[in-house]
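Protein chains: 2
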Amino acid sequence: WRQNCVPSILSEVYSKHDMIILINLMDLLDDTVPGIGTYEDFNTIDWVREKSKDRDRHREITNKSKQSTVALLFSISDAFSGWLLMLLIGLMSGALAGGIDIAAHWMTDLKEGVCLNGLWFNHEHCCWASNETTFQERDKCPQWKSWAELMVGVSEGPGLYVVNYFMYMCWALLFAFLAVILVRAFAPYACGSGIPEIKTVLSGFIIRGYLGKWTLIIKTITLVLAVSSGLSLGKEGPLVHVACCCANILCHFFTKYRRNEAKRREVLSAASAVGVSVAFGAPIGGVLFSLEEVSYYFPLKTLWRSFFAALVAAFTLRSINPFGNSRLVLFYVEFHTPWHLLELIPFVLLGIFGGLWGAFFIRANIAWCRLRKNTCLGHYPVLEVVVVTLLTAFLAFPIEYTRMSSSELISELFNDCGLLDSSKLCGYTSNSGSASGSVNATAANGLGARLAGPDLYTAMWQLALALLFIPSMAVGAIAGRLLGVCMEQLAIRHHERDIFRGWCSPGADCITPGLYAMVGAAACLGGVTRMTVSLVVIMFELTGGLEYIVPLMAAAMTSKWVADALGRESIYEAHIRLNGYPFLEAKEEFRHKTLATDVMRPRRGDPLLSVLTESGMTVEEVERLIADTTYSGFPVVISQQSPRLVGFVLRRDLVISLENARRNQEGVVSMSPILFTECDPPMSPSAPPAVKLRSILDLSPFTVTVHTPMEIVVDIFRKLGLRQCLVIQNGRLLGIITKKDILKHMAQMANRDPDSILFN
Amino acid sequence: WRQNCVPSILSEVYSKHDMIILINLMDLLDDTVPGIGTYEDFNTIDWVREKSKDRDRHREITNKSKQSTVALLFSISDAFSGWLLMLLIGLMSGALAGGIDIAAHWMTDLKEGVCLNGLWFNHEHCCWASNETTFQERDKCPQWKSWAELMVGVSEGPGLYVVNYFMYMCWALLFAFLAVILVRAFAPYACGSGIPEIKTVLSGFIIRGYLGKWTLIIKTITLVLAVSSGLSLGKEGPLVHVACCCANILCHFFTKYRRNEAKRREVLSAASAVGVSVAFGAPIGGVLFSLEEVSYYFPLKTLWRSFFAALVAAFTLRSINPFGNSRLVLFYVEFHTPWHLLELIPFVLLGIFGGLWGAFFIRANIAWCRLRKNTCLGHYPVLEVVVVTLLTAFLAFPIEYTRMSSSELISELFNDCGLLDSSKLCGYTSNSGSASGSVNATAANGLGARLAGPDLYTAMWQLALALLFIPSMAVGAIAGRLLGVCMEQLAIRHHERDIFRGWCSPGADCITPGLYAMVGAAACLGGVTRMTVSLVVIMFELTGGLEYIVPLMAAAMTSKWVADALGRESIYEAHIRLNGYPFLEAKEEFRHKTLATDVMRPRRGDPLLSVLTESGMTVEEVERLIADTTYSGFPVVISQQSPRLVGFVLRRDLVISLENARRNQEGVVSMSPILFTECDPPMSPSAPPAVKLRSILDLSPFTVTVHTPMEIVVDIFRKLGLRQCLVIQNGRLLGIITKKDILKHMAQMANRDPDSILFN
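Quick note, the sequences are listed as chains A and B, same order. Taking full-length UniProt numbering, I'd label the letters of the first sequence as residues 1 to 760. Taking full-length UniProt numbering, I'd label the letters of the second sequence as residues 1 to 760.
Read the hints as simulated data drawn from the structure, not as lab findings. Hints are not guaranteed to be accurate.
To be verified - With a cut-off of at most 25 angstroms between alpha-carbon atoms, the simulated DSS-like pairs for lysine-lysine come out as follows:
#1 B:263 with B:301
#2 A:593 with B:66
#3 B:66 with A:719
#4 A:744 with A:593
#5 A:593 with A:740
#6 B:53 with A:593
Unchecked claim - So, partial list: chain B residues that the calculated Cβ filter (under 10 angstroms) puts toward chain A:
#7 51
#8 149
#9 152
#10 296
#11 300
#12 320
#13 321
#14 322
#15 603
#16 606
#17 637
#18 641
#19 696
#20 709
Just so it is clear, CB atoms sit at the ideal spot from N, CA and C, and this is done for glycine as well.
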């Protein structure tokens, strides 16, 4: 394609000489032997090598760019391709997120009824379009029919509730069944939150297909189905996964990113910022989330680009306007009442609650996953999902707050009660009368504007029930709102007491129960994910007011401390460990006083380290060594007697080169010598030709000494992204430490099973 | 003190045994030989060693904490001391920033006149206190007397202007003279912006006294004096310096931070976030500034703590309320009109202007500094400041916009004209009449609410003049406002044209000139400092609206690209290079294809590398080697014949240990052997006793091979914070690469003078 197509387009404009340069540029990284420098599935990349490759490529382009105009243009387009890619990721992810929101909204409402004006309207849009709606009862209109009304034909009666209940469960079941079947049939990687896997991928692990187009399609559809079926899940994880899939697919159109695993991971880091940006409508929070939680290698250039992509996505989502209020998310809020210093006590209490809940949730979740893994429960995933969905739907329908989708619930809980609010949560005595009720009521005692009425009490009971089986952010929001209303009533009823003096002033609210809901949500999310800065910034972006940062921060800090005291791992790390992924956590410092010699292979008593010598080995000997061992690379030394290090060669490169030599190089037989040396040793003319492999030899492998403390070794591995490191004593090669060895050692030091680390 | 005081306080509560543990804990890091492990002035620290020291300390405390309650309490207080320190830094910096704002405001007004009600009132407060002020003319009141009124005694007349002019210049001169004298006499480090030095310090350099108490006191006073004298300078640099001084002083009260250079630098990173937080009232922006611009080693723990400190400082500043509007900064704004897509063109133009201006400013500034350094101009700093001040004051007084302080100017430029605004910049025809003018005017053509009036034209001319000699953010703000007003008038006068259709709707503004001012300010600041994310986030925090991020981002991006095309360095980096500080830039990748062998010392032809052998050298030989060379460390090898690496020893540690041995160890003479070995070699009983120095030997020095590409070496130095690295070939020690060698090499590759790197 390349040789044929490009000249025909450009030949009229540019000279032949330019053309050749252009083609050379495009072929820049075509390897001499195909396959060298690539990785196998479920292996870790070598960051140093990938970054070197990219620098070589950049150097080449820069040098060429001085030679001709075409090459200069190519170099400029290459420099801007990163920005273009970010733009595309932002647009695509924003559009997908908007589509998911609209579809999920519509399908959630479909469980309850249908719009006669058009099947494609959800409840809210259906009644907007209707003229017969009053502002007070804007969710009731004749065009919207519940399933019972449609099927039985009357609009009142005792059987209606049962029919609606049944239809609700049927739809939920259908959605959940479809979702689980789709995942199992087409894209097994689409299951789960995705963040643990993405963290591992970003740290350098390769899982082919995890971010492919099938995963994207199925994940998008199943996310809609799962949300609509009422299964409780956070949207941020799946949206991060969706954004990363978009990024990975779009990377294929840019050579720079397609060919380089390290560069691709920079893009994926930005994509995870995009995912959070559209999930919460918080671009800055998204970037900080990516920086704090997900990313492994996050250079400043990526920071700036992530920010750009996150903004593009947020604005794309806004122009799609899925919630009809030109806000990015359903639960955007504006508070007006300031908070009082004493309120920090309930906020800290919410933090403690969030921490406890987070620690409990992580343990329960991991225990369930372990149960599924180790017992026969794991063989019937469809059945499991169906049962869980039926149970959820059965319990959810009777209570108003569990029947709605969790975004709607959170939105209602965060809401600050206005004068015109019809929600039961705003069922204060004075609000039930007229719109100006609060002004009238102040005449009585100057304050009583916010005494709880019967509606509010009902709502509180229902919320308390909902608390029992709704997970994630919503739990925190419910707990917060309950505490908030209690505090409010306390302050109103005892407003003459010293401690509450000054809280309630005529005409204004005493405290904001919605703020408590938000603080509670932040505390629970913090307890589960152990986010800190990004969590506070996300919540700040939701409220837009700097003054509410202090309560959020107090709760997030308490929650993290409490949760950390009960278990150091976040839900993501716990899942990474459960799955045995090779992930070297950057947050936790390695605190043990072991040395490199304690970790390196071979151990004392083991057979000697398998090494190659720089000369003197034959093709057959090397092939036997490869067949006999499973190591992913071999050190090359001067000779077995003088094990002084020359370099390191990767197994995959060696295998490919030997196959290539056997196939393409004339006269290569099993007895051909293999040479890693710079200049050929003298050989008899009758000897078979040598296979020269210095080109695949890494001449600058990383080394440490046997006395190097493991804390420093771990630091080097983390910061430089190594796969392996050789251990030297006084110039002699003694052993090797791989990432897997380090992870096993860390597991051992923490009294866990070192064999739980599965991959390289 | 320790032995005497602590028991007397606590002896009644805790047993003797606990006491001993507590004292042991406090003495934890008292070195056996004092001085070992410390650094000399103008040297670079070894990050790896410092972090190891801290981990050792932490391990010790954790182990002890299992033994007794006191030790457990100590370990908990140790864990929380970081948070306490952050709280104190936030409080102290916030209070200082508030004080500086208030004092500068008062002294700026003092140049024009004095308040009769009380000398300590500034102009605004003076007239607030007065009852005779109307809302329209709130800055005119009889209590506030200009100097001419006070001295001549009449309130009208031709001579008044001249007297006021003279007094203005006198005061400016006095302030500037005081400032420069104070700096010269007491704290020479207090001069300059401070950010280049702080960047260098954070990267591991030691400048004793740069963050000391004298610097803090003098910097605070001179900042007030300089701002009041009208010398144009940005406040963010000095405030970052002030916050870092606070942090450094407060570190002295916490052993953990006092004794460890790496830990102290974590705190300083947080302090620089605090500085920006109080300068712009933007805590999140401050943290990102520290992350993006200033910090070298910024672990996630520091991110979270910086955020906490920045928030505390912002709230402290707010409770001091220096501007009387419960805002953090003078130029907080709220815009209401949305922007149009087409407006991106002027925004990008502002970005180009900002980039050009930034590049020009950096060159001019560096050229001036170089001139001052290389000619006799540098010998008369007082004269220089006096002349500049006189010139500034002379030119500034006649124009209203240059007479006010630059914060006030920026505040006025950012301002969105309300109905009641009395500023000349809001001198639109319809505003000059009544408060409801805009409503009346709309009756005429439905739009004309914002046609420029004569006042606005005057303001525009004055601004255009001011543009000529005001530096920093204000230039951008002026240019932006000018462009904004032009665009506004264009849109109003041609509102029937196709491209402006829909911009102006009745009763609302067409566009927001204040937004243009903000975009322009961001562009210029971006051009000078090359900030990106942090700049946009700071401006976002000033406006509070997510929708204005896109214009800011467009301008910041353009500005950075344009400025980078004209010169890669920001003002900070240019000053670092000018001063020859050893700073390894983390943003710029090393792009050249050189190898470690090209950089290492000794070069080909040079004398051999100075090494020590692990045995066989005498005290005298080592002392002679130390006297003959200036290297800051020596590799230790097995023998001269077999140069296989054993370890590395620092010059300072060696000198101190030898002196200590000569003084305290019995029988040490010049012929005593020096041993770095683990076990003693056999010696004759009559030989002098050996000096055993294995304890000061670093057994795990970092090594690279001669074939290692320099790009990887640079990466290792940056990421691990090394001072030096040894170069090995096939197990033989060949040379050494220090940070200074790398910097010299980088200077050489960029065609600069390698001898401009002055320090180690």
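- Which hints from the list above does the structure break, by number from lowest to highest? Per hint list: 3, 8, 9, 10, 12, 13, 14, 15, 16, 18, 19 violated.
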